[in-house]
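Keeping the supplied structure of chain A fixed, place chain B upon it in accordance with the hints.
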Amino acid sequence: MTNQIINDLTIQAATVNGSGSQTANLILTRAIFHMGIPVAPKNVFPSNIEGLPTWYQLRVTPQGHMARTDQVDILVAFNVATWHQDLKTVRPGGVVVHEEAFSTADVRTDLTYYPVPFSKLAKSKITSDTLRKQLANMIYVGVVAGLLGIPWEALDHAVKRQFLSKPKAVPVNLEAIKVGFDHWQDNFSKNDPYRLEPMSGAVDGKVLVEGNQAAAMGALMGGATVVAWYPITPSSSLCENLIAYSDRFRTDPKTGEKRIAVVQAEDELAAVGMAIGAGWAGARAMTSTSGPGISLMAEFAGLGYYAEVPVVIFDIQRIGPSTGLPTRTSQADVGFAYTLSHGDTKHLVLLPGTVEECYEFGRDAFDYADRFQTPVFVLSDLDLGMNLWMTPEFKYPDKPFDRGKVLSKADLERLAGEWGRYRDVDGDGVPYRTLPGTDHPAAGYFTRGSGHDEHARYTESAEAYAANMDRLARKFETARADLPAPVIDESAGSPIGLIAFGSTHAAVVEARLALAAAGRPVDYLRVRALPLSSQVVDFVSRHERVYVVEQNRDGQVFDLIRLALPAELVDRLRSIRHYDGQPIPADAIMEPLLESEVVPA
Amino acid sequence: MSATLNRVGLPRDAYKGAATTLCAGCGHNSITNHMIKALYELGVEPHRLAKMSGIGCSSKTPAYFVETAHGFNGVHGRMPALTTGAQLANRQLIMLGVSGDGDTASIGLGQFMHMIRRNIDCTYIIEDNGTYGLTKGQFSATADLGSVQKKGAVNTFQPIDPCAVALTLGCSFVARSFSGDGKQVVPLIKAAIAHRGTAILDIVSPCVTFNDHDGSTKSYSWVKDHEESIADVSFIPFFEEVHVDYEPGTVRDVELHDGSHILLKKLGDDHDPSDRRAAMRVIEEGRAAGHLVTGLLYLDTTMTDFATTERIPDRPLMDFSEDELRLTRDEFAQFMSEFA
Numbered sequence: 001m002t003n004q005i006i007n008d009l010t011i012q013a014a015t016v017n018g019s020g021s022q023t024a025n026l027i028l029t030r031a032i033f034h035m036g037i038p039v040a041p042k043n044v045f046p047s048n049i050e051g052l053p054t055w056y057q058l059r060v061t062p063q064g065h066m067a068r069t070d071q072v073d074i075l076v077a078f079n080v081a082t083w084h085q086d087l088k089t090v091r092p093g094g095v096v097v098h099e100e101a102f103s104t105a106d107v108r109t110d111l112t113y114y115p116v117p118f119s120k121l122a123k124s125k126i127t128s129d130t131l132r133k134q135l136a137n138m139i140y141v142g143v144v145a146g147l148l149g150i151p152w153e154a155l156d157h158a159v160k161r162q163f164l165s166k167p168k169a170v171p172v173n174l175e176a177i178k179v180g181f182d183h184w185q186d187n188f189s190k191n192d193p194y195r196l197e198p199m200s201g202a203v204d205g206k207v208l209v210e211g212n213q214a215a216a217m218g219a220l221m222g223g224a225t226v227v228a229w230y231p232i233t234p235s236s237s238l239c240e241n242l243i244a245y246s247d248r249f250r251t252d253p254k255t256g257e258k259r260i261a262v263v264q265a266e267d268e269l270a271a272v273g274m275a276i277g278a279g280w281a282g283a284r285a286m287t288s289t290s291g292p293g294i295s296l297m298a299e300f301a302g303l304g305y306y307a308e309v310p311v312v313i314f315d316i317q318r319i320g321p322s323t324g325l326p327t328r329t330s331q332a333d334v335g336f337a338y339t340l341s342h343g344d345t346k347h348l349v350l351l352p353g354t355v356e357e358c359y360e361f362g363r364d365a366f367d368y369a370d371r372f373q374t375p376v377f378v379l380s381d382l383d384l385g386m387n388l389w390m391t392p393e394f395k396y397p398d399k400p401f402d403r404g405k406v407l408s409k410a411d412l413e414r415l416a417g418e419w420g421r422y423r424d425v426d427g428d429g430v431p432y433r434t435l436p437g438t439d440h441p442a443a444g445y446f447t448r449g450s451g452h453d454e455h456a457r458y459t460e461s462a463e464a465y466a467a468n469m470d471r472l473a474r475k476f477e478t479a480r481a482d483l484p485a486p487v488i489d490e491s492a493g494s495p496i497g498l499i500a501f502g503s504t505h506a507a508v509v510e511a512r513l514a515l516a517a518a519g520r521p522v523d524y525l526r527v528r529a530l531p532l533s534s535q536v537v538d539f540v541s542r543h544e545r546v547y548v549v550e551q552n553r554d555g556q557v558f559d560l561i562r563l564a565l566p567a568e569l570v571d572r573l574r575s576i577r578h579y580d581g582q583p584i585p586a587d588a589i590m591e592p593l594l595e596s597e598v599v600p601a
Numbered sequence: 001m002s003a004t005l006n007r008v009g010l011p012r013d014a015y016k017g018a019a020t021t022l023c024a025g026c027g028h029n030s031i032t033n034h035m036i037k038a039l040y041e042l043g044v045e046p047h048r049l050a051k052m053s054g055i056g057c058s059s060k061t062p063a064y065f066v067e068t069a070h071g072f073n074g075v076h077g078r079m080p081a082l083t084t085g086a087q088l089a090n091r092q093l094i095m096l097g098v099s100g101d102g103d104t105a106s107i108g109l110g111q112f113m114h115m116i117r118r119n120i121d122c123t124y125i126i127e128d129n130g131t132y133g134l135t136k137g138q139f140s141a142t143a144d145l146g147s148v149q150k151k152g153a154v155n156t157f158q159p160i161d162p163c164a165v166a167l168t169l170g171c172s173f174v175a176r177s178f179s180g181d182g183k184q185v186v187p188l189i190k191a192a193i194a195h196r197g198t199a200i201l202d203i204v205s206p207c208v209t210f211n212d213h214d215g216s217t218k219s220y221s222w223v224k225d226h227e228e229s230i231a232d233v234s235f236i237p238f239f240e241e242v243h244v245d246y247e248p249g250t251v252r253d254v255e256l257h258d259g260s261h262i263l264l265k266k267l268g269d270d271h272d273p274s275d276r277r278a279a280m281r282v283i284e285e286g287r288a289a290g291h292l293v294t295g296l297l298y299l300d301t302t303m304t305d306f307a308t309t310e311r312i313p314d315r316p317l318m319d320f321s322e323d324e325l326r327l328t329r330d331e332f333a334q335f336m337s338e339f340a
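In the order they appear, the protein sequences are chains A and B.
By the working numbering, the letter at position 17 of the first sequence is numbered 17, and the numbering carries on one by one without gaps.
By the working numbering, the letter at position 56 of the second sequence is numbered 56, and the numbering carries on one by one without gaps.
The following block holds chain A by itself, in its conformation from the complex:
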């Protein structure tokens, strides 16, 4: 055999939703990860409970690329409905493991086929009638393990890890994998270049975490005590994980009392309203949703901004407009969330680009909300939130909570009760607040979404209104400098810059390596928050051409940056957009960039 391809391949499993394929996919992922090989899984699933096609892409690279790729090396074809379509996705010279019963008339001749009688094997070798359908998927894990040389020890580990809380499931699953493993050994000889070999050092200290798990952990460590939510894909798993973690870490084992209140609300309007009510009363409060929920939250978002109530709102973005594609990823809520609600409303927005940042921003968002007494949006997306990502272990927080400017009873006594809820004492636009329950006659004030003066009293005074709005703008400027700064890498010393944010980061990292290899190194600035840091303008000023890469149709952040630039810099900005709902691959950055950079002959 010539030209072995080792540890650099993409497996795509085409299966049927609801058939138990996800467990099989995860076991395969964990087994390869256990071999010390970096993995990057992407789950492409339908908005459906059972029966529609679903795909799982497992990318393996020695460099640890985390972005999706369009190039499939090994297709595992389990779904007859998509069989012909799936064949088209395999790169020339690729491998197809498929159900033997699928018709192979007129199939491509540039691929290597390994037909496996999955149904027959399941019928004859899996004794449990009730589990047969589920376990049939495990047979493919065994076949692929044989094909790629995954050692049994890694499979054994992966199954045990997968069923950590259900050890009874371990032997039956291992048995099913063994059926496939043995079938490979007994029936095939290796006829393709793809192999996996254990690596050392590539995944040391790394774990596999979904962004929504990371954000839930962040919320827990950030001190969330009131959580109100309404189920919606792809955000539900954030609160579901948070509930599970709270059962474990926030429940008094003796009394059963919980140091967190979770409400499944009747809709997103109520969910964010509850969180704002709790934030007003001094709790660290949050909700989590996706685009359609964000639309419903617009009303309360304005109240939160204008009445200055801390609250954290997670938006795990999916494709819109309207219902859109509920199970596909996007970065198209940025512009809307940033100015959510009528009137001159604008919000603080955190843009995590990795699962580690889902954790850190999920945690620190509560500090920002308290410090600036305002809603803080954390914009993740389906790709970050619902896929497993390889990440360094998260760090334990090294700072206590920052509860912001809260006047206690003692403070009020010291001030002899002289204070104004919306008065700018420190010149930073951030006023002081008291919390309900503070036992001082001057503590109480009347919070309202209608016009108010420095003492929170109702007013229709033009001067008082404008002065308050100016102070809110001042507060926003204070926050601008305090939010997570952009991450800038100018080591390429290139005249070309890339700007990206959120989950696009993974594709940018890979694209930059490829561009450098192609003799086109580029600098990089990753935006991590809105309002934009002044460093963004500086970065553009230091580069001749700057490409803003994002996963939405209209170039929403491209537009925000253009608005921030002085007129003479605007022409330097270019826009690269990817918006088909699939996580952006590196090619989608490289190709348009190289095309644009071609010097006319």
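Just so you know, these hints were derived from the structure itself, not from any lab.
Built from N, CA and C at the ideal position, the CB exists for glycine as well.
Where hints are given, some of them may not hold.
[To be verified] Not everything, but these chain A residues come out facing chain B in the computed CB check (under 7 Å):
(1) 254
(2) 257
(3) 258
(4) 261
(5) 273
(6) 281
(7) 299
(8) 393
(9) 411
(10) 447
[As the list claims (entries may be wrong)] Covered by chain A, according to a simulated footprint, are these stretches of chain B (three or more residues, beta-carbon under 8 Å):
(11) 255-263
(12) 323-331
[Unchecked claim] Computed footprint of chain B on chain A, listed as stretches where at least three residues anywhere in the stretch have a Cβ under 8 Å from a Cβ of chain B:
(13) 207-218
(14) 428-441
Here is chain B on its own, set in the frame of chain A:
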């Protein structure tokens, strides 16, 4: 002459608020006064009171009582959500929500119903005038079928009765009254506050500007002529002794969670407030007869409120520190390792 002080050492004036900006004669102003009286007599500590409201004439009123208490005038129809969150953040707060018929029965009907389902510990007062006052006199969803607008338009839609809705949903405290009937409203407010769970108090409160004419069923004269109280209500707070000097069998005595008592003196037919079907019947029969049935319609003191059901500690959640909320370093390290 020094003012009489209540059990927490405050005079009645301490329960007053800013001057009302509602119309002279508005039923809501009477309710505000009843509120002041009830809160003063109960000896509620102002710093423990949280006055919540939505949008509308009714929702302005929390500014007009207990000025030193915290208040939150939120968005239209969403008072229940804000109240739910605030209550969970701090169970020590006494949540007192004031809403209107538009706020409750139209834009906020969903939140009203779901709050009841959850049995959030709060008092929810509906200042019900059957009309949109601030927007100049449109019908609200509680306007009776056939009732007439000031300019003559006739309401052709069935009304939503907040009490009937609340009963259907298993609300643990349902009462109706009339803003002009302080003798009944004051003890009902006290009982609602003492009750642990969602207490719905629908108070018909005439709008003197837009809905106090002939043909309205929310006018002073109509209610005065048609009010039918099911029982005389008196309230004995936990800090006072119960002295019952009624004839045996003429008074029902219901004890609330905090040890307070509601005494219900029979007027006509005996109404058992622990019988939900009887409450529905009383409302229906009253409606059929063209009466406004008032009084304590239903009370269930056995139902647990949401925070209790959810095992939320009495100590306010907003009080917990990072040491109590974060995982320990060991727990964190163990948890992280489980993702390997």
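Legend entry - Hints breached by this structure: Of the numbered hints given earlier, those the structure breaks are 1, 9, 11, listed in rising order.
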